[in-house]
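Using the supplied hints, reconstruct the complex from the two chains, each of which is provided in its own coordinate frame.
What follows is the residue order along each chain.
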Amino acid sequence: MHLQDGALAAVFFVAVFVPAVAGMILGTFSKSNKVANVVASLCIVSCLAGASTYFLWRAGVDLSYTLPISSATGSYMLSIDQLSASMMSFSSVIFMLIVVHVVKSTSDSGCRYSALLNVLFLACFSCMAADSVLVLLFSWEMVTLTTFLLSKNDNNEKARWLFFVIAHIGGVLLICAFLYISSVAGTQVLSEWRDLGSSLGAGTSMILILMIVLGFGSKLGLVPFHAWMPNLYASAPIHTTALLSTVCSNVAVLILIKSIFSYIGASPAMTWVAFAILALAAVTALWGAMESLVQKEPKKILAYSSMENMALVVLCISLGMIYFGESPALAKLVLIAAVLHTMNHAVFKSLMLMTIDTVEDCTGEKNIGRMGGLSKALPVLSAVAIVGVLSMAAIPPTNGFVSEWLMIQSLMGADLESKGMSLLMPLALAAVGICGMMMAASYARLYAFVFLGRPRSEGMKNPRPMKKGTILPMAILAMLCLGMGFFATVIMDVISSGIVSVTGMLPEPGYRSVMSGELLPFVLGATIVAILALLLWIFRGEKHRERSTRTWGCGGRLEDDMQYSSVGFSQPLVKVFHPFYGDTAVVKESESKDEKIVVTEFTEPFVKYLYKPLSAMILFLSEKIGKTQTGNIQTYFAYLLATLVVALLAVRLL
Amino acid sequence: MNYAELAIMLIQASALVMISPLIAGIIGKFKALMQNRVGASIFQPYRDLRKLIKKESVVSENASFLFRAIPLVCITSMLLLAAMTPFIYTGVLAPYADVIAMVYIFTMFRFAMVLGGLEGGSAFGGMGSSREAMMSVLIEPALLLSIMTLSAITGAGFNITDISSSIIGAGAFAISPALLLAGTSFVITMVAENTRVPFDNPDTHLELTMIHEGMLMEYSGRGLAMMEMASMLRLTIFMALLGTLFFPWGTAVTMAPLDLAVSVVVIIAKMLVIAFGIALLESTIAKMRVFRMPNMLTVSFALSLMAMISLYVL
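Protein chains in written order, with the working numbering: chain A, 30 to 683; chain B, 32 to 345.
With the rest of the complex left out, here is chain B (with noise of 0.2 Å):
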């Protein structure tokens, strides 16, 4: 690994964490288009972060130190992910960029954000929580399977490179009905881990029906802007996932500047479609009832096994 390959991974990683925002503010825009209205500046997230962090945090008398340390665990989580996500270049910055550890990290999030919501013992939180508990359970598996599946088709092992440089290499061979089933299994397992609708709406606070934001009721001020921030970044996460793990044509695999110059042209179009693809999603389709949503993290998970099963069938 030379040095210009590490600056190359280091400012995809970079690159990743400062644009997530931007992502969130660009799925705002798309849906206020939509909607006939003029919307927030594209920026908007950078500016709610600003006044977060200058902000004061209000903190339950009944929080622990957990309460002040899951902010920190899920932002550095986050982070973790970051630095071994594939983004404009196949080659990531982090030597532990296996699989099962992204399935367990996304894993630690979850179990920080869950204990989150019962810190302060109040309602909203513990519903949050709960049903959080309730989609992990099917959610997880899943993902688990979806990238299982992605390695077992390249066998190329479990590093992310190595997978994302495989499925390149092999064109369009690599389409097979396993790829495209696990694909679908992500996509509805990216709007899932996410609470976008149809599985919850991260616009409003205060709904009997909502998941993540009633996780974090209790949290303000810089605990509340590095939740955000999180989130926000897993969204990014997931997306540079599907568009470079599941559909990576396009990535630079190897360092000439005009692979890397027309990675970060087909890596754009792709965030702008997927970011297009949810906000039509989260325009045109109404939440779902919470017990409803089972029966459509069910199908992610059949999908997923199926996509298992097909290899070795096909």
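If we strip away everything but chain A, and leave its shape as in the complex, we get (with noise of 0.2 Å):
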């Protein structure tokens, strides 16, 4: 069913818009920090408003309207087809628990940040509801440049910026890319794109589907766009990190699978870019997850983590172009695939990175190598935690074992009809295989040596308490984990439907039909749930004689650092992968004459062999160029005269 510009349509994005520009200018304009919570609680409305769209999707309807504003360029559109609606559905519900957790966590957050807040939601819903190059476009400019502001903090200048520029170079590459497509489809109303390709040409799609992976690869962090991402984690404020990480990166993978597969439509000739995209896509998967090896920082583990995940959905998409034409069942698992782990991504993330916000708040540590043994001071919060590592870690019966699940399905399940592509596809599945042991091997360091073990200093010894009602959006995010994973095969149908819809390809033959095994997550979940009942059951009678002592420590008492640390719990990682590290050195700093202390740095070979050139050599040019300009009027003069003389040459010439 399709609703166009009915009053259905017309409530609906009143009620999502109007709360949340009624808190923009309500924050921006007042003074008092006072009115932060209510601005918040306008972003929450629109929220709520904005995760009915599950209604829509449930009853099947396309919404689209136009808005009352025009321009020379035609009119403002927004629709919500099938798979908008389960993604915005979606990341309303994650934007709000985010939204929830900033009220809760900080007392103090001002009503600019809210105002802000306000503004990157309606910035995430006009994109993901899109309809015209323009709004879409607009929307994702807005996304990067509330991104920006929401992530000002103390000393975090050089990151921020850093971001700022490497976003606007993906920026820049979207707005060629879809600006080069409208002036070929002769209208710049998204829905009336369809398969462009053929009209396009192969090699003019292979170029723009690259210009367009790589322009949301900025804001995913693919490789060599991912420099921002360490630093800028690690210095924002954890809400925004979050929004980013979760949000944000539902709207470019959605925007991203609508171009790809019904924009420009993925055809059997453009499979050489699906390869290149493919490689780059498990480069940058491996690459984050060996540096997330060796980080010193949570927020920095979580930063590559995030670049991985978001490597592996992107790697999902490539598969679903080299599929495409050959099987569309399969490229239907594939695409079904790569939704369903940026939402399981969004869950757990969101998740990890509000359980390490509340552990530097409370003990006021933001390095590794001084936490451990939180989980005896706050249980609670170790048990949330827990929960999020395992589904990070794919572990059965979580939701991100779920999506790994399906994507080595997926690359299994190649059947092609060349034989030389489908000897990468043993390559694809080692990468898969090895950068998922690494994460889950990164992933038990960082729980275990935040929450495990002895403290390390004294915040660890003496947390603060958490914050009242800190733990509610959380305990909420750690239960769909689970929900998600048990409940994962409902989720994919409506996935499903939603792919099929807007990817024009056929409901039949379904996605099942490739599957060569029987995903049964539930089964597997209750199973797990039965045995464990079962054991304590068994060992329910007698009481368990048991004895609390201290740690073994050969004899003697262990001093607080004595005992394994991060560093050296991933050293053997780090000593058989060590040419990808680069310059692992050892840096030795004397500060006085009898004291040398040794510090072993990782530092990032792609900002030292790639940015750190790049910047070096850009900043000679502009002095190069700056010389030239002399203020002197006769100087311009010459110029113009020259580049008059050079361009009637030009002319007559050509």
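Please note: incorrect hints may appear among the correct ones.
The list that follows gives simulated cross-link-like pairs (lysine to aspartate or glutamate, EDC-like), each with its CA atoms no further than 20 Å apart [as the list claims (entries may be wrong)]:
1. A:Lys405 to B:Glu92
2. B:Lys86 to A:Asp390
3. B:Lys82 to A:Asp390
4. A:Lys490 to A:Asp390
Estimated spans, in silico, between C-beta atoms of each pair [said to hold, decoys possible]:
5. B:Ala201 to A:Ser451: 17 to 25 Å
6. B:Pro208 to A:Ala305: 24 to 32 Å
7. B:Asn326 to A:Glu588: 34 to 42 Å
Below, a sample of chain A positions facing chain B; criterion: calculated Cβ distance under 10 Å [as the list claims (entries may be wrong)]:
8. Leu419
9. Arg485
10. Pro601
In short, the hints are calculated from the structure, not lab data.
The beta carbon of each residue, even a glycine, is placed where N, CA and C say it ideally should be.
Right, dumping it as structure tokens:
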């Protein structure tokens, strides 16, 4: 069913936009910080309205609405299709939980921050709902700008600006690509773009797809655009990071899928670009996994984990392009894996970011090397965190397991005509396997060195109690981690219908027809619960004798630092994979004559060998160009004359 | 699925669980005989388990709730696998018996072990965990690839029953380079995953080279019993997988009593051969240095990758 400009559409969009706009205005012009909570609640109201897209999707309604404003380039339109509806309702829920956490955790967040949250929600929502090129590009730019503003914190100007620059490199690519497609399509209404690949030509389509992937990749953290992630994650306010990593990524993945499979339309002629993207995604995933192992700040571990997860999603999308022509059912399966993994990532990543923020807030420590033993002091937090960690590490029966299962299934399902290309599938499988295990090691390290062991600093021994109510959004997210794992098959059916409607694939054969195994997360989960219950029941009777003592320390007394360190934990892996860590040099700093401090530092090779030389070159060039600007009017006349002569010659000769 | 079949499946899953200490005992006995010792009885592991269950546990005061949960999780994951491993009959009890789930349940076990090693904050546990993490990064992909190769050779999908029965059905034609490469990789994986010599020495404690025992340092009493049981079960499951997935001939595909009887004899012979092989390996080869291990594990990984690629090339 399709509803055009009806009363329902108007009511719906009013319900979504009006509270957020009101919040934005109130937050911007209010002077007192007391209204911050009111502003945030307005955002929550908008989120709730956004989450109601769920019912649109349930009813199978496509909604479209023309905004009551227009310009020379045409009117501005919004529309919600089935895939957008599922993504929107889901993202709104995540957005709402994060805003709830903002309200509960920060007593003085200020109403500017809350106002910007409203703007970000508006931007994300209209980006997902955009039906005109201008709305899409404008709201995507708004997403970038708002996150840039939201990430303001003490001493993070450099990290912010790096993000700003890299996000805009992506933005430029997107603007060029979309405006070019728009000129070829002859209309700027996105829903009228259908399989433009045939009129664009295979070569142009491949370039455009690459531009769009790289454009969104700058936000998702594809190599080499990931350079902004670790520092921004470490320095920006946690809620900004959470929104950037979850809701903004959801937006990017949604538009990416729609652009490739609906607007341009994948065809077998474009397989080469799909393989290029596959390779890029695999490299990004491995890079993220490897770098996450040596990070010293929990937030940076999560930054690289975001990068790895999003790379897996892009990998699925590229597989979807490869399969699209040959086996639609397999393409469906792999796109379901992509969307499901995006959603799962949003759940567990926002959960973990909130957890780590709580840890930092309660203890005042940022360095994982000085953490440890927190599960004694904050047992509830550690219970919530273990769910998130298990889910990130893809341990059954959590949601992470289901999407990894689907990914491996879709890699194995490949039955391609070209034998040479099929050879790449085992390599991709190996890459997914290795980075999955590396991330699992990294998450074990993250959890164990924050929550387990003995406290390594004073802040860890006596942490402040958690702020009231902050546990609520975290507990909901932890439940989602488990629930989305248990009931994954239901969600997959939902996503499947969305993908069918967006890509124009036939509903039959369904994605289940190509699955070579049965995915039964519910049965698996229920069995695990049953066995655990049985074991507990067996051991229920006799009172088990238990004695508590100090950890055995070879007869001596263990000091705080006499336990395995987080650096030591990953050292064997660093040693095995040492060529990839670049300059893992041991830096020796001697502050005084008697004392020498030895520090192991891992510098991101991309920053050192790509970005630093690049920025040095740009500075050098601008200095040279600067010398031509003398300020003397005669010189400028000379330039004008020279330009004129060159231009005339060029016109005459060409 | 009729009741007789269900009964057979139940019997084989419980048999797998019941005999796992015996297998450990037999390997110990083989080793003792090779070293000209009398050795302990093959039933010694049962006695050890009984003793451990009766003893009180000593828990570090730094240990959290996870410390008590981890033995349960470990044994649960191994029971999950026991329910999906064919032993005397190719059909298995578990409805979730697909190979990807299998690899991830092994990961679940490892993940719990690694966290368990870091509980309590002793240096030994941390060292064990750290090395286990290093090994798992190389082992698990090899395991995944070799098992996936098996699924691809047969074209039977991911269901363990289907894989094993279609290899049996193909007879000698199933012996292909891919199967042999994957099988070799699986053997290395089996030795590494179960932390046997040359990767680790299961008999030592308090040696700076240890991996698995290091992670168990802080456990005692019932917790240790569960962890030991889970480790023995893991070895048995790996041996059974080698015998029924990679070289499954002889395993009963039908419910005919004769087939089942043959299958029982064959699987006993297979298990004894594998146990003898492990004992021989442990008696003749010295333990490797820790940083030599990645070389061996990379060999396993490369073999499994080659197995996969050979499917497409040959």
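So, A:Arg485 near chain B? Judge it on the closest CB pair being under 10 Å. With Cβ-Cβ at 9 Å, under 10 Å, it holds.
Range hint 24 to 32 Å (beta carbons of B:Pro208 and A:Ala305) holds or violated: Given a distance of about 31 Å, which is inside 24 to 32 Å, the answer is holds.
Regarding the pair B:Lys82 and A:Asp390, is the alpha-carbon distance no greater than 20 Å? Distance of about 46 Å is beyond 20 Å: violated.
Using the beta carbons of B:Ala201 and A:Ser451, state whether their distance is inside 17 to 25 Å or not. This hint holds: roughly 22 Å between Cβ atoms.
For the pair supplied as a hint, A:Lys405 and B:Glu92, confirm whether the alpha-carbon distance does not exceed 20 Å. Holds: A:Lys405 and B:Glu92 sit about 9 Å apart, inside 20 Å.
B:Lys86 and A:Asp390: Cα distance at most 20 Å? Violated: B:Lys86 and A:Asp390 sit about 42 Å apart, past 20 Å.
Holds or violated: A:Leu419 as interface residue toward chain B, Cβ cutoff 10 Å? holds, 7 Å
Verify the proposed pairing of A:Lys490 with A:Asp390, using a straight-line Cα cut of 20 Å. holds, 14 Å
Does the Cβ distance between B:Asn326 and A:Glu588 fall inside 34 to 42 Å? Distance hint for B:Asn326, A:Glu588 holds at roughly 36 Å.
Minimum Cβ distance from A:Pro601 to chain B below 10 Å? holds, 4 Å
In this structure, the earlier hints numbered 2 and 3 are contradicted, and the remaining ones agree with it.
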